[in-house]
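Protein chains: 2
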Amino acid sequence: MAISWENLDTLASFKKLQSLKGAVSVAKELSGEKAAERVASCSVPMAAGLVYNYAAKQVDEKILGVLAELSQEAQLVEKFEELYNGAVVNTGEKRLVLHQLTRGQLGKDVTADGVNKREFYINEQKRIAEFADKVHDGRIANAAGEKFTTVVQIGIGGSDLGPRAMYLALENWAKAEGTFKMEAKFISNVDPDDAASVLKSLDLAHSLFILVSKSGTTLETLTNESFVKDALKKAGLNPAKHMIAVTSETSPLAHNPDYLAAFYMDDYIGGRYSSTSGVGGAVLSLAFGPNVFAEFLDGAAAMDKTATNKDILKNPSLLDALIGIYERNVQEYPSTAVLPYSQALSRFPAHLQQLDMESNGKSVNRFGKPVSYVTGPVIFGEPGTNGQHSFYQLLHQGTNIIPLQFIAFKENQTGTDVVIEDSTSQKKLCANVVAQIMAFACGKKDDDPNKSFAGERPSSIIYGDRLTPKVLGALLAHFENKVMFQGFAWNINSFDQEGVQLGKKLAKKVLAHDTDGALKAYSDLLNI
Amino acid sequence: MAISWENLDTLASFKKLQSLKGAVSVAKELSGEKAAERVASCSVPMAAGLVYNYAAKQVDEKILGVLAELSQEAQLVEKFEELYNGAVVNTGEKRLVLHQLTRGQLGKDVTADGVNKREFYINEQKRIAEFADKVHDGRIANAAGEKFTTVVQIGIGGSDLGPRAMYLALENWAKAEGTFKMEAKFISNVDPDDAASVLKSLDLAHSLFILVSKSGTTLETLTNESFVKDALKKAGLNPAKHMIAVTSETSPLAHNPDYLAAFYMDDYIGGRYSSTSGVGGAVLSLAFGPNVFAEFLDGAAAMDKTATNKDILKNPSLLDALIGIYERNVQEYPSTAVLPYSQALSRFPAHLQQLDMESNGKSVNRFGKPVSYVTGPVIFGEPGTNGQHSFYQLLHQGTNIIPLQFIAFKENQTGTDVVIEDSTSQKKLCANVVAQIMAFACGKKDDDPNKSFAGERPSSIIYGDRLTPKVLGALLAHFENKVMFQGFAWNINSFDQEGVQLGKKLAKKVLAHDTDGALKAYSDLLNI
Numbered sequence: 001m002a003i004s005w006e007n008l009d010t011l012a013s014f015k016k017l018q019s020l021k022g023a024v025s026v027a028k029e030l031s032g033e034k035a036a037e038r039v040a041s042c043s044v045p046m047a048a049g050l051v052y053n054y055a056a057k058q059v060d061e062k063i064l065g066v067l068a069e070l071s072q073e074a075q076l077v078e079k080f081e082e083l084y085n086g087a088v089v090n091t092g093e094k095r096l097v098l099h100q101l102t103r104g105q106l107g108k109d110v111t112a113d114g115v116n117k118r119e120f121y122i123n124e125q126k127r128i129a130e131f132a133d134k135v136h137d138g139r140i141a142n143a144a145g146e147k148f149t150t151v152v153q154i155g156i157g158g159s160d161l162g163p164r165a166m167y168l169a170l171e172n173w174a175k176a177e178g179t180f181k182m183e184a185k186f187i188s189n190v191d192p193d194d195a196a197s198v199l200k201s202l203d204l205a206h207s208l209f210i211l212v213s214k215s216g217t218t219l220e221t222l223t224n225e226s227f228v229k230d231a232l233k234k235a236g237l238n239p240a241k242h243m244i245a246v247t248s249e250t251s252p253l254a255h256n257p258d259y260l261a262a263f264y265m266d267d268y269i270g271g272r273y274s275s276t277s278g279v280g281g282a283v284l285s286l287a288f289g290p291n292v293f294a295e296f297l298d299g300a301a302a303m304d305k306t307a308t309n310k311d312i313l314k315n316p317s318l319l320d321a322l323i324g325i326y327e328r329n330v331q332e333y334p335s336t337a338v339l340p341y342s343q344a345l346s347r348f349p350a351h352l353q354q355l356d357m358e359s360n361g362k363s364v365n366r367f368g369k370p371v372s373y374v375t376g377p378v379i380f381g382e383p384g385t386n387g388q389h390s391f392y393q394l395l396h397q398g399t400n401i402i403p404l405q406f407i408a409f410k411e412n413q414t415g416t417d418v419v420i421e422d423s424t425s426q427k428k429l430c431a432n433v434v435a436q437i438m439a440f441a442c443g444k445k446d447d448d449p450n451k452s453f454a455g456e457r458p459s460s461i462i463y464g465d466r467l468t469p470k471v472l473g474a475l476l477a478h479f480e481n482k483v484m485f486q487g488f489a490w491n492i493n494s495f496d497q498e499g500v501q502l503g504k505k506l507a508k509k510v511l512a513h514d515t516d517g518a519l520k521a522y523s524d525l526l527n528i
Numbered sequence: 001m002a003i004s005w006e007n008l009d010t011l012a013s014f015k016k017l018q019s020l021k022g023a024v025s026v027a028k029e030l031s032g033e034k035a036a037e038r039v040a041s042c043s044v045p046m047a048a049g050l051v052y053n054y055a056a057k058q059v060d061e062k063i064l065g066v067l068a069e070l071s072q073e074a075q076l077v078e079k080f081e082e083l084y085n086g087a088v089v090n091t092g093e094k095r096l097v098l099h100q101l102t103r104g105q106l107g108k109d110v111t112a113d114g115v116n117k118r119e120f121y122i123n124e125q126k127r128i129a130e131f132a133d134k135v136h137d138g139r140i141a142n143a144a145g146e147k148f149t150t151v152v153q154i155g156i157g158g159s160d161l162g163p164r165a166m167y168l169a170l171e172n173w174a175k176a177e178g179t180f181k182m183e184a185k186f187i188s189n190v191d192p193d194d195a196a197s198v199l200k201s202l203d204l205a206h207s208l209f210i211l212v213s214k215s216g217t218t219l220e221t222l223t224n225e226s227f228v229k230d231a232l233k234k235a236g237l238n239p240a241k242h243m244i245a246v247t248s249e250t251s252p253l254a255h256n257p258d259y260l261a262a263f264y265m266d267d268y269i270g271g272r273y274s275s276t277s278g279v280g281g282a283v284l285s286l287a288f289g290p291n292v293f294a295e296f297l298d299g300a301a302a303m304d305k306t307a308t309n310k311d312i313l314k315n316p317s318l319l320d321a322l323i324g325i326y327e328r329n330v331q332e333y334p335s336t337a338v339l340p341y342s343q344a345l346s347r348f349p350a351h352l353q354q355l356d357m358e359s360n361g362k363s364v365n366r367f368g369k370p371v372s373y374v375t376g377p378v379i380f381g382e383p384g385t386n387g388q389h390s391f392y393q394l395l396h397q398g399t400n401i402i403p404l405q406f407i408a409f410k411e412n413q414t415g416t417d418v419v420i421e422d423s424t425s426q427k428k429l430c431a432n433v434v435a436q437i438m439a440f441a442c443g444k445k446d447d448d449p450n451k452s453f454a455g456e457r458p459s460s461i462i463y464g465d466r467l468t469p470k471v472l473g474a475l476l477a478h479f480e481n482k483v484m485f486q487g488f489a490w491n492i493n494s495f496d497q498e499g500v501q502l503g504k505k506l507a508k509k510v511l512a513h514d515t516d517g518a519l520k521a522y523s524d525l526l527n528i
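Protein chains in written order, with full-length UniProt numbering: chain A, 1 to 528; chain B, 1 to 528.
Keep in mind that the hints are not guaranteed to be accurate.
Each pair may be met inside one copy or between any two copies, as identical chains are not told apart.
What the hints assert, rightly or not - Result set (DSBU-like, lysine-lysine): computed pairs, CA atoms no more than 30 Å apart in a straight line:
| id | residue 1 | residue 2 |
| --- | --- | --- |
| 1 | Lys505 | Lys451 |
| 2 | Lys185 | Lys241 |
| 3 | Lys314 | Lys15 |
| 4 | Lys369 | Lys451 |
| 5 | Lys444 | Lys509 |
| 6 | Lys410 | Lys229 |
| 7 | Lys147 | Lys185 |
| 8 | Lys241 | Lys229 |
| 9 | Lys21 | Lys62 |
| 10 | Lys445 | Lys508 |
| 11 | Lys28 | Lys62 |
| 12 | Lys34 | Lys509 |
| 13 | Lys185 | Lys175 |
| 14 | Lys134 | Lys241 |
| 15 | Lys234 | Lys175 |
| 16 | Lys147 | Lys241 |
| 17 | Lys445 | Lys505 |
| 18 | Lys509 | Lys410 |
| 19 | Lys509 | Lys28 |
| 20 | Lys410 | Lys185 |
| 21 | Lys134 | Lys200 |
| 22 | Lys369 | Lys21 |
| 23 | Lys520 | Lys28 |
Keep in mind that the hints were calculated from the coordinates and are not lab data.
Chain A on its own, in the form it takes in the complex (with noise of 0.2 Å):
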């Protein structure tokens, strides 16, 4: 069947939709005789052992055959299988996408630069884990013949976000699990305190850094590692023994003496979905061993699969989006909330704000034409409890709705906990986000309207288990094609990132002194 890429408002399904504006009542679906059916009903498998539950989302059935039919007039799962099997869907930087070949193959062999991509990737994968082996059995060692204790990634955007996410959510476990090899650490930021207090947080001479630009040419991070060099350098080591690159093949970083090893990964994985190429995978395979690296990569491909499924109801990342437009483009809801009930995930909203927004906040169509309706939301979150005591005031009592995303799971990482008034920590966690679930669908009425709980605030859980790698790469995967269906359905190019050129830009006149109006009254109120 031929693809055909048309505007969100231009679809009959929509137009549909849109008749369909505050149908559903969830504090009436969740209080209801049938309330408990429901949410037993609404649960869609996902991979590796997790759930996704839409029990507390404002759809029924006729909205959900709705969504269905968006589903099959947007094509969406036709889009995906086109991206997957090697078209240029980044339209705007003529690219593939390919960060799915990454992790599996779900379709035809894709070759590019003369090359089988699959192949490529796993060779990469499998370089890394051998340089990986190396470090952590000591014959790629230090200048004394000692072992690398610490590994430190120097990248921003998507070269940090996503693999520092993915650190602290396996952290605990790698610990718990005995599979721990190495601390790692983050440098990103061009704020020369961030580099500074790193770097005397090290023990310099154990230290092994990855550089991570795809470009080779991302200011913060060549600035970063001049700063880095200039302190081993000044320690007597030599930088070149103590720092790999992750980078394109055409890039400077690339086959330089500079650097003890190189991976490569290419223009096909935008930074943002670059996780589980390696960018994440050199420094997840340095601090958990090659091992959890490929159990994470195993969690995405499983879930990359359940997204090729043309029935909503058993495709969770196709349901997520599809109740995401229900939400944005019908209900009008601006932002959504990302509230993981596990301090390991600490970083991961962080994560799911640039994958979204990146790929999302986009006024204008794949053919470079301005679509007339609002695209990708505001995400923010952080982890529950902390969140409760904190902005979930504004989530059940503000003047806007905000629907949320909560993820759970049954049982915690580090597997200490303590028994106090006949429940565990745990349990009190899993107790909490059920109740916020509730009580913010249902609200509660109180002769005191300072107490009063309007309720009717949608969300969704996603829950497992237990954090670990598998279940960690599933998560991720999910909401890379989550993003991916909403860029569909409003046909917008999820995968280029134009806004953030203009800045980069005036930057560089502000630094070279070529600046006249505003723009040199502001660099002189910051004697710049």
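Got chain A sorted already, so can you dock chain B onto it with the hints?
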């Protein structure tokens, strides 16, 4: 003059303001001949050398004139006077609001609970300072007579976010200035992995814990206290010799031999406003020394003074608040991003998220009547330049306009820097913030619509020389007072948080297995 509490939409000045929707183009204002003059003239001195510049906000003399009228009609400064003179401004909980008294005295003596409150707070600060000095010089030590080296704050919400953000903001400064005394860590989440991983990283025998809970009944905090006590006992240590409390005098933690010492606050200090009370005072005095905490208070006190000025152009917190009202209620922007160009302020946005969203995320006015206009916006943010490589795409080219609050400093904290391509990292950092302001305001047309920037994204910048304790205090107080003025304008009670209660109640029911219907069904999903 008698104070009159009226809803925003009853004010004549607000109706005038509504007629000025979309009246100002920041792109025009910042690209015309008078642009440089505008940038220079839109600076308002704050305290501690900070400056608030609003040149890139969508205001002109006319709008500022109406905002001044609104300030007068709504008696915003007079209401602040009421507050600091000891009126029961927190009407819901029938409490005074006295956090300003922890750092200075703006008005009359305030007596409550039979004591002069300013004297009470000063006395507690003195007790904390003496205690900290004794810990630092070893007069208070562990059972082996060895000095404590690490301090661990156990608290959640306001007892965690503010103090943690302040600690991170000053950690590198204190190290550079030689006033760093003890490392601080934080345990907040009821997720057992939070406490377990912090405890694993500690040298327990040399750790001093601060239990922070005003009521002494916070579920998460008491659970984590037991967690810590278990660990201390297992290590053969006496918890009563390793733990202090910061609480109210009526709490079960007060005058309790289970704690080495207890320091007091009271019901007139809301959690999110407690960084300048003992809640921030104990951990910051132990980490950096009492003098550093005293400077922090001085900065806050100086900023509070500026908030008493009735001239909106000489009262930056009031001006910021009023422009925010225009953006929220007239321009209808649903969220605001806080973007500090300072890695030290990495958790400052999370603190402001609580401060703002928990204070002003309300739907009823101070008399319990629903308001018919929107109140507090969603607040989110990450440090620049990191955010530039993440969610800025949506800020520049997304379909919604999001007002921006930049923060920047001319000098860094550590004094360490590198020169690359003729500029330091600090200059690059500052060049980026300046470039972003202009890119957001003026945008740029391009033949390729995908590379076009519409501009008209309003922002303000707060800037100073260097982030010191005094500057941090001023910055904190600025936002506290801004949020307060907005709450006055919206005629809501910014000082209670009834929205957090329902979830707490339901969580207790879940833990007691006192559930049915959907609540039971959700509990079953998570095996509770």
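Results of checking the hints against the structure:
Proximity of Lys505 to Lys451 under the C-alpha cut-off of 30 Å is restricted to the inter-copy arrangement: shortest distance 13 Å between copies versus 51 Å within a copy. When the C-alpha separation of Lys185 and Lys241 is checked against a cutoff of 30 Å, the pair qualifies only within one copy, where the shortest distance is 18 Å, while the shortest distance between copies is 34 Å. When the C-alpha separation of Lys314 and Lys15 is checked against a cutoff of 30 Å, the pair qualifies only within one copy, where the shortest distance is 24 Å, while the shortest distance between copies is 52 Å. Only between protomers do Lys369 and Lys451 lie at most 30 Å apart by alpha-carbon distance; the minimum there is 12 Å, versus 47 Å within a single protomer.
Taking identical chains as interchangeable, the C-alpha atoms of Lys444 and Lys509 lie at most 30 Å apart only when they sit on different chains, with a minimum of 15 Å there against 56 Å within one chain. For the identical chains of this complex, Lys410 and Lys229 are inter-copy neighbours only, at 25 Å across copies versus 45 Å inside a copy, given an alpha-carbon limit of 30 Å. With identical chains, the CA atoms of Lys147 and Lys185 are at most 30 Å apart both within one copy (17 Å) and between copies (29 Å). Taking CA atoms no more than 30 Å apart as the test, Lys241 paired with Lys229 passes inside one copy only; the shortest distance there is 11 Å, against 45 Å between copies.
Taking the shortest alpha-carbon separations for Lys21 and Lys62, only the intra-copy value of 12 Å comes in at or below 30 Å, while the best inter-copy value is 39 Å. Taking the shortest alpha-carbon separations for Lys445 and Lys508, only the inter-copy value of 19 Å comes in at or below 30 Å, while the best intra-copy value is 57 Å. Taking the shortest Cα distances, Lys28 and Lys62 sit within 30 Å of each other inside one copy (16 Å), while across copies they are farther apart (48 Å). Taking the shortest alpha-carbon separations for Lys34 and Lys509, only the inter-copy value of 21 Å comes in at or below 30 Å, while the best intra-copy value is 63 Å.
Taking the shortest Cα distances, Lys185 and Lys175 sit within 30 Å of each other both inside one copy (16 Å) and across copies (19 Å). Proximity of Lys134 and Lys241 under a CA criterion of 30 Å is satisfied intra-copy only: 14 Å inside one chain copy versus 46 Å between copies. Proximity of Lys234 and Lys175 under a CA criterion of 30 Å is satisfied inter-copy only: 20 Å between copies versus 33 Å inside one chain copy. In this assembly of identical chains, the alpha carbons of Lys147 and Lys241 lie at most 30 Å apart only when taken from the same copy (12 Å versus 39 Å across copies).
For a Cα distance limit of 30 Å, the shortest separation of Lys445 from Lys505 across copies, 14 Å, qualifies, whereas the shortest one inside one copy, 54 Å, does not. In the homo-oligomer, the alpha carbons of Lys509 and Lys410 lie at most 30 Å apart only across protomers (18 Å), although the nearest pairing inside one protomer, at 53 Å, exceeds that limit. Proximity of Lys509 and Lys28 under a CA criterion of 30 Å is satisfied inter-copy only: 20 Å between copies versus 58 Å inside one chain copy. Taking the shortest Cα distances, Lys410 and Lys185 sit within 30 Å of each other both inside one copy (29 Å) and across copies (27 Å).
Taking the closest pair of Cα atoms, Lys134 and Lys200 come within 30 Å of each other both inside a single copy (27 Å) and across two copies (28 Å). For a Cα distance limit of 30 Å, the shortest separation of Lys369 from Lys21 qualifies both inside one copy, at 27 Å, and across copies, at 27 Å. Taking the closest pair of Cα atoms, Lys520 and Lys28 come within 30 Å of each other only across two copies (16 Å); inside a single copy the shortest separation is 58 Å, beyond that limit.
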